[in-house]
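A.B. asks: Kindly produce the complete structure, drawing on both the sequences and the hints.
Add 638 to the 1-based position in the sequence shown for the working numbering, that's all there is to it.
FYI, nobody ran anything at the bench for these hints, they're computed from the structure.
Just so you know, these numbers come straight off a predicted model, no measurement behind them.
Each hint should be verified, as a subset may be incorrect.
With a straight-line cut-off of 27 Å between C-alpha atoms, the simulated DSSO-like cross-links for lysine-lysine are [stated by the list, open to error]:
hint: 1; residue 1: Lys855; residue 2: Lys788
hint: 2; residue 1: Lys727; residue 2: Lys749
hint: 3; residue 1: Lys793; residue 2: Lys855
hint: 4; residue 1: Lys786; residue 2: Lys831
hint: 5; residue 1: Lys749; residue 2: Lys776
hint: 6; residue 1: Lys776; residue 2: Lys761
hint: 7; residue 1: Lys834; residue 2: Lys803
hint: 8; residue 1: Lys855; residue 2: Lys803
hint: 9; residue 1: Lys834; residue 2: Lys793
hint: 10; residue 1: Lys834; residue 2: Lys786
hint: 11; residue 1: Lys727; residue 2: Lys686
hint: 12; residue 1: Lys686; residue 2: Lys761
hint: 13; residue 1: Lys803; residue 2: Lys775
hint: 14; residue 1: Lys727; residue 2: Lys776
hint: 15; residue 1: Lys831; residue 2: Lys793
hint: 16; residue 1: Lys803; residue 2: Lys776
hint: 17; residue 1: Lys831; residue 2: Lys857
hint: 18; residue 1: Lys786; residue 2: Lys857
hint: 19; residue 1: Lys742; residue 2: Lys803
hint: 20; residue 1: Lys742; residue 2: Lys761
hint: 21; residue 1: Lys749; residue 2: Lys686
hint: 22; residue 1: Lys775; residue 2: Lys727
hint: 23; residue 1: Lys831; residue 2: Lys855
hint: 24; residue 1: Lys742; residue 2: Lys776
hint: 25; residue 1: Lys803; residue 2: Lys857
hint: 26; residue 1: Lys803; residue 2: Lys793
hint: 27; residue 1: Lys803; residue 2: Lys786
hint: 28; residue 1: Lys761; residue 2: Lys749
hint: 29; residue 1: Lys855; residue 2: Lys786
hint: 30; residue 1: Lys788; residue 2: Lys831
hint: 31; residue 1: Lys761; residue 2: Lys775
hint: 32; residue 1: Lys793; residue 2: Lys857
hint: 33; residue 1: Lys857; residue 2: Lys686
hint: 34; residue 1: Lys788; residue 2: Lys834
hint: 35; residue 1: Lys742; residue 2: Lys775
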Amino acid sequence: MNKTGVQNEKITHISNYDYEVVCGAAGTSFPTEYEIPRDNTGYLRDQKFMNCVANVIAQIAEAYWGTEFNIEPHSVGFAYGALRNDASKGEGMVVSIAMDYWTKIGTIPEKYFDIDAEMPEMKQIVANYPEIYDMAKKYRINGYVQLKTKGTSSKDDQIKDALTKYNRGLVAVSPSGFTGGSHCIMLTGWNDKTNKYKFKNSWGANYGDNGFSEIDKNKITEVYMPIFEPVKLPFADVKENDWFYKSVKNMVFSGMMNGVSDTRFEPNSVLTRAQAAVMF
639 MNKTGVQNEK ITHISNYDYE VVCGAAGTSF PTEYEIPRDN TGYLRDQKFM
689 NCVANVIAQI AEAYWGTEFN IEPHSVGFAY GALRNDASKG EGMVVSIAMD
739 YWTKIGTIPE KYFDIDAEMP EMKQIVANYP EIYDMAKKYR INGYVQLKTK
789 GTSSKDDQIK DALTKYNRGL VAVSPSGFTG GSHCIMLTGW NDKTNKYKFK
839 NSWGANYGDN GFSEIDKNKI TEVYMPIFEP VKLPFADVKE NDWFYKSVKN
889 MVFSGMMNGV SDTRFEPNSV LTRAQAAVMF
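C.D. replies: Written out as structure tokens, the structure is:
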């Protein structure tokens with residue numbers, strides 16, 4: 639069975655935050671080789687369907703919400719069926735859409751939902767259990783960042799900075815590194831001596847080193863970092879109960895707007911021509 643499964647539709651999301659705005663400037667000095675602890679990568683899986691994106695999301699979720707002595711597996715089937723828009727019924731997933739829906743819906747431990755199937759059946763099965771959605775809210779992320787070169791900050795530096803700063807896996811897409819089409823993997827480190835990224839696959843223990851391997855850096859195109867920590871605006875004049883709070887938050891953390899100072903946004907002031915030009 640072809641076990642790749644990344645749809646290639648390109649969509650821009652305003653909740654796709656800017657790395658430097660949310661996490662600070664990326665470093666530029668790193669070791670030649672690094673790998674996050676493998677205990678921080680969730681369970682090893684051997685996917686049965688075109689749900690590689692859901693596998694990576696489930697692994698990252700269970701690693702974060704697990705404890706030192708208790709890592710609950712998260713449901714791949716729920717992620718595969720739920721983290722997509724209403725019109726999406728095809729095999730595979732669009733990674734940016736899946737990340738966006740992870741912020742809105744969440745994931746769920748496998749003990750509450752242990753069903754796995756291919757699309758479109760999986761979407762219908764998930765829809766038959768609406769009560770699961772309320773439980774999944776506990777496991778929502780607070781946003782996500784697409785790591786990419788911006789100004790003096792390179793994508794490679796952002797990847798390394800994120801891995802060393804948070805010691806969590808990253809969601810990555812490789813359009814040409816695997817037989818069968820575009821594939822989603824979890825980035826776990828790098829090896830500059832070979833110019834490769836280290837990663838964890840979802841093709842079972844017989845793949846690579848118990849599921850782990852390396853891939854040429856130029857085979858990776860999209861890389862996303864889920865944000866688990868609360869992301870709050872620093873402005874005294876923008877409250878969480880304001881009707882415009884979410885819009886301001888998305889614009890600021892996406893790098894589209896700044897406040898008039900570090901502590902004030904002045905949401906009720908008149909928009910200047912210069913500000914409108916920047917937004918457009």
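A.B. asks: Failing hints, ascending?
C.D. replies: none
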